[in-house]
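Student: Each chain is listed here by its residues.
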Amino acid sequence: MRAHWAGIRTIVKRELAAYFESPVAYVFLVIFLLLAGFFTFTFGGFFERGEASLAAFFNWLPWLFLFLVPAAGMRLWSEERRLGTIELLLTMPVADWQAIVGKFLASWLFLIVALGLTFPMIVTVNWLGDPDNGVIVSGYVGAALLAGAYLAISCMTSALTRNQVIAFILAVVLCLLLILVGFTPLTDLLARWASPWLVESVARFSVLTHYDGFQKGVLDSRGLLYFLSVMAYALFVTGVVIRNHRAG
Amino acid sequence: MIKVENLSKSFGPKRAVDGVSFEVGKGEVLGFLGPNGAGKSTTMRMITGFIPPTSGSVSVCGLDVQDHPIEVKRRIGYLPEAAPSYTEMSVLSFLKFAAEMRGLEGRARQEAIRRIVELCHLENVLGQTIDTLSKGFRHRTCLAQALIHDPEVLILDEPTDGLDPNQKHEVRTLIRQMGESKAIIFSTHILEEVEAACTRAIIIDRGRIVANGTPQELKARSSTGRLEDFFRSITRSDTVAEAA
Numbered sequence: 000m001r002a003h004w005a006g007i008r009t010i011v012k013r014e015l016a017a018y019f020e021s022p023v024a025y026v027f028l029v030i031f032l033l034l035a036g037f038f039t040f041t042f043g044g045f046f047e048r049g050e051a052s053l054a055a056f057f058n059w060l061p062w063l064f065l066f067l068v069p070a071a072g073m074r075l076w077s078e079e080r081r082l083g084t085i086e087l088l089l090t091m092p093v094a095d096w097q098a099i100v101g102k103f104l105a106s107w108l109f110l111i112v113a114l115g116l117t118f119p120m121i122v123t124v125n126w127l128g129d130p131d132n133g134v135i136v137s138g139y140v141g142a143a144l145l146a147g148a149y150l151a152i153s154c155m156t157s158a159l160t161r162n163q164v165i166a167f168i169l170a171v172v173l174c175l176l177l178i179l180v181g182f183t184p185l186t187d188l189l190a191r192w193a194s195p196w197l198v199e200s201v202a203r204f205s206v207l208t209h210y211d212g213f214q215k216g217v218l219d220s221r222g223l224l225y226f227l228s229v230m231a232y233a234l235f236v237t238g239v240v241i242r243n244h245r246a247g
Numbered sequence: 000m001i002k003v004e005n006l007s008k009s010f011g012p013k014r015a016v017d018g019v020s021f022e023v024g025k026g027e028v029l030g031f032l033g034p035n036g037a038g039k040s041t042t043m044r045m046i047t048g049f050i051p052p053t054s055g056s057v058s059v060c061g062l063d064v065q066d067h068p069i070e071v072k073r074r075i076g077y078l079p080e081a082a083p084s085y086t087e088m089s090v091l092s093f094l095k096f097a098a099e100m101r102g103l104e105g106r107a108r109q110e111a112i113r114r115i116v117e118l119c120h121l122e123n124v125l126g127q128t129i130d131t132l133s134k135g136f137r138h139r140t141c142l143a144q145a146l147i148h149d150p151e152v153l154i155l156d157e158p159t160d161g162l163d164p165n166q167k168h169e170v171r172t173l174i175r176q177m178g179e180s181k182a183i184i185f186s187t188h189i190l191e192e193v194e195a196a197c198t199r200a201i202i203i204d205r206g207r208i209v210a211n212g213t214p215q216e217l218k219a220r221s222s223t224g225r226l227e228d229f230f231r232s233i234t235r236s237d238t239v240a241e242a243a
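In order, the protein sequence lines correspond to chains A and B.
Counting from 0, one number per residue, gives the positions in the first sequence under numbering that gives the first Met the number 0.
Counting from 0, one number per residue, gives the positions in the second sequence under numbering that gives the first Met the number 0.
Keep in mind the hints are simulated off the structure, nothing from the lab.
Cβ coordinates follow ideal geometry from the N, Cα and C atoms, glycine included.
Please note that a few of the clues may not be correct.
What the hints assert, rightly or not - Derived DEER-like restraints, expressed as beta-carbon distance ranges: (1) R242(A) with N35(B): 40 to 50 angstroms; (2) D149(B) with W96(A): 25 to 35 angstroms; (3) L108(A) with R235(B): 16 to 26 angstroms; (4) G126(B) with L175(A): 40 to 50 angstroms; (5) D149(B) with W126(A): 20 to 30 angstroms; (6) A190(A) with G36(B): 56 to 66 angstroms; (7) I69(B) with V122(A): 40 to 50 angstroms; (8) T213(B) with W96(A): 42 to 52 angstroms; (9) S9(B) with A94(A): 36 to 46 angstroms; (10) L188(A) with G36(B): 55 to 65 angstroms; (11) S9(B) with S194(A): 48 to 58 angstroms; (12) L32(A) with G36(B): 20 to 30 angstroms; (13) E122(B) with I165(A): 57 to 67 angstroms.
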């Protein structure tokens, strides 16, 4: 077990270093923080809401992540394939799953750091009012899980191709699908034709349905289970894709 | 130390490697010759465990590659074709990464990096990003990665490709020296290289072994006594192979 962990740790370290040794990390962080602030204070109506909460921030996050998380994840495997380093990595003494998990964890950590850097908003609401910090914490947990789910899907599409643009577009489309099946304006529209039962069951597969639970301050195990299964499933498929790619 | 038995690999309908068998012992340097697309890289990739064989088996140090992939990978140093590396990293951080992946830590890692930097002449570029290096240095960085854990078995896919004559000479000398204590397979297009560095050579054509012997034996089999003529007489150029 220790040996397994050592391999993963080394890969995580290298991946994180790769983000910060190139401009990618800084460009990503700046754009993420700018856009997050912009959405929160303009469309989100942070001040106009007249309530001490981060709802204005969290409501926009699934849409912001829809583009930014695939952007952070698109290079994970496609770059390895393009450079040929996948051959180096997978002939070192680690199992495929260790490489997959290691690369995923590194990017997830990076996204969590990005989320963490939005802390001035927490300071602001606490300074201006008296928010329920429990709700804020569960909101962040939900956001981190959402980022993880999107990221795992980006990992999967990234393994499919050596072209980062294709990996990005595929990931955005898949993530969008996971949003839309539970996006209220759309489900309301569908409910006019389809039976409400059907619409509701499909909506259960949406990231939004489970994300909203966390935003209400509920750390429920079904939501946790949902996000973890999306991650596990997407990473499993990543493994299958990589194995098929090698088998020719 | 390397035992390849009846190894085959098909990509769809195409048979890239077809029933290849050979052995390489300790202290042997095996030169792998053949036209482009003959199946050299594919065979090497199967030995390193990067791709699974369609049929047949490979064992390294008595361990089957399919059954004990991690154990086998520990014992092998591999230089893939075109010497890939993480180009955004510095040479030093890349070598640290390679050492750690090989389970070297602390003192052992420092010592391994010191040794390999000296062996591959990387002293002056340690802090540079691999991106900014010349092809020769990039190549040596990847070679250093393959040697960092002082493996018993070395698989080198075209280790001299794209190097200048001085660098080629250096790499050949290095291979010959290391060959005394390891089992080495390297592939090349350059026939003189075989005479300069190998104890034995295998010529492979369209997935099959067409000749196997010491460089002297192979030369003797040509009417002119030249390895090049022998090579040309038993392999086909790719245009002919396509038509066949």
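Student: Decide, hint by hint, whether the structure agrees.
Tutor: Verification of the supplied hints:
no., hint, verdict
1, R242(A) with N35(B): 40 to 50 angstroms, "violated (27 angstroms)"
2, D149(B) with W96(A): 25 to 35 angstroms, "holds (28 angstroms)"
3, L108(A) with R235(B): 16 to 26 angstroms, "violated (53 angstroms)"
4, G126(B) with L175(A): 40 to 50 angstroms, "holds (43 angstroms)"
5, D149(B) with W126(A): 20 to 30 angstroms, "violated (59 angstroms)"
6, A190(A) with G36(B): 56 to 66 angstroms, "holds (59 angstroms)"
7, I69(B) with V122(A): 40 to 50 angstroms, "holds (48 angstroms)"
8, T213(B) with W96(A): 42 to 52 angstroms, "holds (44 angstroms)"
9, S9(B) with A94(A): 36 to 46 angstroms, "violated (25 angstroms)"
10, L188(A) with G36(B): 55 to 65 angstroms, "holds (56 angstroms)"
11, S9(B) with S194(A): 48 to 58 angstroms, "holds (50 angstroms)"
12, L32(A) with G36(B): 20 to 30 angstroms, "violated (51 angstroms)"
13, E122(B) with I165(A): 57 to 67 angstroms, "violated (41 angstroms)"
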